[in-house]
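J.: Taken in order, these protein sequences are the chains called L and Z. Quick note: the working numbering has the first sequence finishing at residue 259, numbered continuously throughout. Quick note: the working numbering has the second sequence finishing at residue 259, numbered continuously throughout.
Check the hints yourself; a few may be wrong.
Same chains, same label: a pair holds when it works inside one copy or across any pair of copies.
Result set (BS3-like, lysine-lysine): computed pairs, CA atoms no more than 25 Å apart in a straight line [unchecked claim]:
{"no.": "1", "residue 1": "K257", "residue 2": "K246"}
{"no.": "2", "residue 1": "K257", "residue 2": "K150"}
{"no.": "3", "residue 1": "K29", "residue 2": "K128"}
{"no.": "4", "residue 1": "K140", "residue 2": "K257"}
{"no.": "5", "residue 1": "K246", "residue 2": "K163"}
{"no.": "6", "residue 1": "K249", "residue 2": "K150"}
{"no.": "7", "residue 1": "K128", "residue 2": "K233"}
{"no.": "8", "residue 1": "K163", "residue 2": "K140"}
{"no.": "9", "residue 1": "K29", "residue 2": "K246"}
{"no.": "10", "residue 1": "K29", "residue 2": "K257"}
{"no.": "11", "residue 1": "K233", "residue 2": "K163"}
{"no.": "12", "residue 1": "K155", "residue 2": "K140"}
{"no.": "13", "residue 1": "K163", "residue 2": "K249"}
{"no.": "14", "residue 1": "K200", "residue 2": "K163"}
{"no.": "15", "residue 1": "K128", "residue 2": "K155"}
{"no.": "16", "residue 1": "K155", "residue 2": "K200"}
{"no.": "17", "residue 1": "K140", "residue 2": "K128"}
{"no.": "18", "residue 1": "K163", "residue 2": "K128"}
{"no.": "19", "residue 1": "K200", "residue 2": "K150"}
{"no.": "20", "residue 1": "K140", "residue 2": "K246"}
{"no.": "21", "residue 1": "K163", "residue 2": "K150"}
{"no.": "22", "residue 1": "K150", "residue 2": "K29"}
{"no.": "23", "residue 1": "K40", "residue 2": "K150"}
{"no.": "24", "residue 1": "K155", "residue 2": "K40"}
{"no.": "25", "residue 1": "K200", "residue 2": "K29"}
{"no.": "26", "residue 1": "K29", "residue 2": "K155"}
If you're looking for bench data, these hints aren't it; they were derived computationally from the structure. Bear in mind that the values here come from a model prediction, so they are computed numbers and not experimental data.
Okay, here's what each chain looks like letter by letter:
Protein chains: 2
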Amino acid sequence: MQFNGNIGLVGTGRMARALALAFENAGVKVQVIAGRNIDKAQEIAELLYETYATDNLDFREVEIDVLIIAVSDSAIEDVSNEIVLPEGAIIAHTSGSIGLEALSNHNDKSGVFYPLQSISVTNQINFKEVPICIEGATLKVHELLTSVAKTIGGKTITIDSEKRLSLHVAAVMASNFTNHLLFQASNILASSDLDLEILKPLMRHTLEKAFRMGPEQAQTGPAIRRDFVTLQKHYDYLGENHELLKLYKELTNSIIKNS
Amino acid sequence: MQFNGNIGLVGTGRMARALALAFENAGVKVQVIAGRNIDKAQEIAELLYETYATDNLDFREVEIDVLIIAVSDSAIEDVSNEIVLPEGAIIAHTSGSIGLEALSNHNDKSGVFYPLQSISVTNQINFKEVPICIEGATLKVHELLTSVAKTIGGKTITIDSEKRLSLHVAAVMASNFTNHLLFQASNILASSDLDLEILKPLMRHTLEKAFRMGPEQAQTGPAIRRDFVTLQKHYDYLGENHELLKLYKELTNSIIKNS
């Protein structure tokens with residue numbers, strides 16, 4: 001069980017694609033891309049130098065040290081159950097919300113390789129800036145996955161399945177929900193012929209400040225000031241948009257309760 | 001009515017302090033800092049080269065072209081009513097949520113000078129990166145306030161009181177609420193001995209992507225994927241924290257409804 005620079009990938013989605021490109025750029029050999037949809041697997045394989053596509057999950061004859069399965073959360077366990085690894089190889093999934101036990105048919109050959117990043121279709125990821133959360137059924141697996149992460153430059157963090165769930169919840173709260181708030185803000189701005197771009201310096205500053213001072217210290221705005229006159233103006237402004245008003249009030253009340 | 005480089009400030013809070021320092025650094029003469037609390041006014045005045053502190057709002061004998069009142073929203077109108085301007089000077093407030101009419105006693109000498117930024121206590125602001133929203137009762141006032149904004153380097157945007165309210169609502173949604181989400185995320189992480197810092201690359205990427213692709217295209221996560229298995233795991237995880245669970249569900253439902 002050691003890393004000789006040979007990877008296999010199962011999956012044809014955003015994560016599989018981003019990892020395939022990152023490994024290739026790092027000089028790691030991606031031997032194979034496997035997917036139910038062989039055309040999609042072929043599409044990714046064609047982006048790489050010498051990789052073949054397959055829909056066969058029996059890898060016994062394939063020269064790989066690590067097989068990474070980057071499929072949707074709900075498919076991980078079923079896919080894992082179909083996979084046959086070559087002698088000495090290990091397997092890891094890339095999900096933030098699925099435990100190690102989804103790979104339990106591979107016992108002490110299993111691990112998790114979860115890059116803490118949101119990956120959109122058009123998006124190539126620089127994994128140098130992405131923490132990669134590693135879990136291994138054994139120390140050996142852990143070490144091997146850490147070596148794999150280091151090839152693409154990711155900072156690695158040891159995180160077990162329980163902690164990974166709390167990290168995933170926090171990441172959704174912070175990242176997915178912030179993006180949604182920007183979506184709501186862009187609609188409000190559009191109704192006044194303003195562009196979201198106007199908020200860019202403010203948002204950059206907001207992040208920079210929250211990470212420097214801590215969000216508790218960094219909180220500003222009418223809610224934390226208990227400026228009910230301004231809050232009422234904002235409620236009135238949003239008045240007819242019941243859904244957005246509810247969201248605004250929920251977040252405002254949460255700020256007030258926590259300060 | 002022209003800008004000869006002489007400013008007066010009313011107020012002793014964060015905004016007054018940040019503006020005083022920015023003007024001083026830009027070589028604009030801050031003649032006076034006025035505040036109800038003269039000790040606080042004195043504190044700011046002492047940071048500057050040649051500025052005096054006062055609690056007198058009669059500025060008839062003071063050499064200023066522009067008086068900026070950076071006091072709390074609820075005090076603007078009362079303070080404005082007490083102010084006597086020197087011949088030829090104009091007055092502006094700095095609030096996102098207060099209309100121009102709060103300065104109506106100064107008629108066509110009034111305007112708004114609203115830097116779109118959140119200013120914390122310990123925080124010195126580089127106004128070069130801050131859009132400054134300008135409104136003037138007359139074109140003359142508008143031009144004069146634009147000249148003032150340019151001295152500290154801010155990009156200026158013409159925004160009337162109605163648009164400014166919608167901008168302020170959007171800014172609260174995007175900035176204050178994002179900071180609160182980071183606060184909630186940091187609590188979740190702390191419960192698993194993880195530090196908020198782990199989310200920094202993800203958050204930077206989230207912002208960069210939202211502004212590049214637009215937040216509608218950039219949305220990722222279990223809600224937009226309608227991944228109810230993961231959502232249920234997150235609900236279960238948050239289960240005992242009723243308030244946070246409610247917030248999580250509210251934001252999740254809003255993403256689902258809007259996609």
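J.: Taking the hints in turn, state whether each one holds.
T.: Taking the hints in turn, this is what the structure says about them:
1. Proximity of K257 and K246 under a CA criterion of 25 Å is satisfied in both settings, with 16 Å inside one chain copy and 13 Å between copies.
2. In the homo-oligomer, the alpha carbons of K257 and K150 never lie at most 25 Å apart, since the shortest distance is 43 Å inside one protomer and 40 Å across protomers.
3. In this assembly of identical chains, K29 and K128 lie within 25 Å of each other by CA distance solely inside one copy; the values are 18 Å within and 47 Å between copies.
4. Taking the shortest alpha-carbon separations for K140 and K257, neither the intra-copy value of 46 Å nor the inter-copy value of 45 Å comes in at or below 25 Å.
5. Within a single copy, K246 and K163 get their C-alpha atoms only as close as 31 Å, which misses the 25 Å cut-off; across copies the closest is 22 Å, which meets it.
6. Neither within a single protomer nor between protomers do K249 and K150 lie at most 25 Å apart by alpha-carbon distance, with minima of 44 Å and 37 Å respectively.
7. With identical chains, the CA atoms of K128 and K233 are never at most 25 Å apart, being 45 Å at best within one copy and 30 Å at best between copies.
8. Taking the shortest Cα distances, K163 and K140 sit within 25 Å of each other inside one copy (20 Å), while across copies they are farther apart (60 Å).
9. With identical chains, the CA atoms of K29 and K246 are never at most 25 Å apart, being 51 Å at best within one copy and 46 Å at best between copies.
10. When the C-alpha separation of K29 and K257 is checked against a cutoff of 25 Å, the pair qualifies neither within a copy, at 53 Å, nor between copies, at 43 Å.
11. In this homomeric assembly, K233 and K163 come within 25 Å of each other (Cα to Cα) only across copies, at 13 Å, whereas the closest approach inside a single copy is 41 Å.
12. For the identical chains of this complex, K155 and K140 are intra-copy neighbours only, at 18 Å inside a copy versus 56 Å across copies, given an alpha-carbon limit of 25 Å.
13. Taking CA atoms no more than 25 Å apart as the test, K163 paired with K249 passes between copies only; the shortest distance there is 21 Å, against 31 Å inside one copy.
14. In the homo-oligomer, the alpha carbons of K200 and K163 lie at most 25 Å apart only across protomers (18 Å), although the nearest pairing inside one protomer, at 32 Å, exceeds that limit.
15. In this assembly of identical chains, the alpha carbons of K128 and K155 lie at most 25 Å apart only when taken from the same copy (7 Å versus 34 Å across copies).
16. For the identical chains of this complex, K155 and K200 are inter-copy neighbours only, at 13 Å across copies versus 28 Å inside a copy, given an alpha-carbon limit of 25 Å.
17. Taking identical chains as interchangeable, the C-alpha atoms of K140 and K128 lie at most 25 Å apart only when both belong to the same chain, with a minimum of 23 Å there against 52 Å between chains.
18. Only within a single protomer do K163 and K128 lie at most 25 Å apart by alpha-carbon distance; the minimum there is 22 Å, versus 41 Å between protomers.
19. In this homomeric assembly, K200 and K150 come within 25 Å of each other (Cα to Cα) only across copies, at 19 Å, whereas the closest approach inside a single copy is 33 Å.
20. Taking CA atoms no more than 25 Å apart as the test, K140 paired with K246 passes in neither setting, with 50 Å inside one copy and 41 Å between copies.
21. In this homomeric assembly, K163 and K150 come within 25 Å of each other (Cα to Cα) only inside a single copy, at 22 Å, whereas the closest approach across copies is 50 Å.
22. In this assembly of identical chains, K150 and K29 lie within 25 Å of each other by CA distance solely inside one copy; the values are 14 Å within and 55 Å between copies.
23. For the homomeric pair K40 and K150, neither the shortest alpha-carbon distance inside one copy (27 Å) nor that between copies (53 Å) is at most 25 Å.
24. Taking the shortest Cα distances, K155 and K40 never come within 25 Å of each other, neither inside one copy (30 Å) nor across copies (47 Å).
25. Taking the closest pair of Cα atoms, K200 and K29 never come within 25 Å of each other, the shortest separation being 40 Å inside a single copy and 30 Å across copies.
26. For the identical chains of this complex, K29 and K155 are intra-copy neighbours only, at 21 Å inside a copy versus 49 Å across copies, given an alpha-carbon limit of 25 Å.
The structure is inconsistent with the numbered hints 2, 4, 6, 7, 9, 10, 20, 23, 24 and 25, although it conforms to all the rest.
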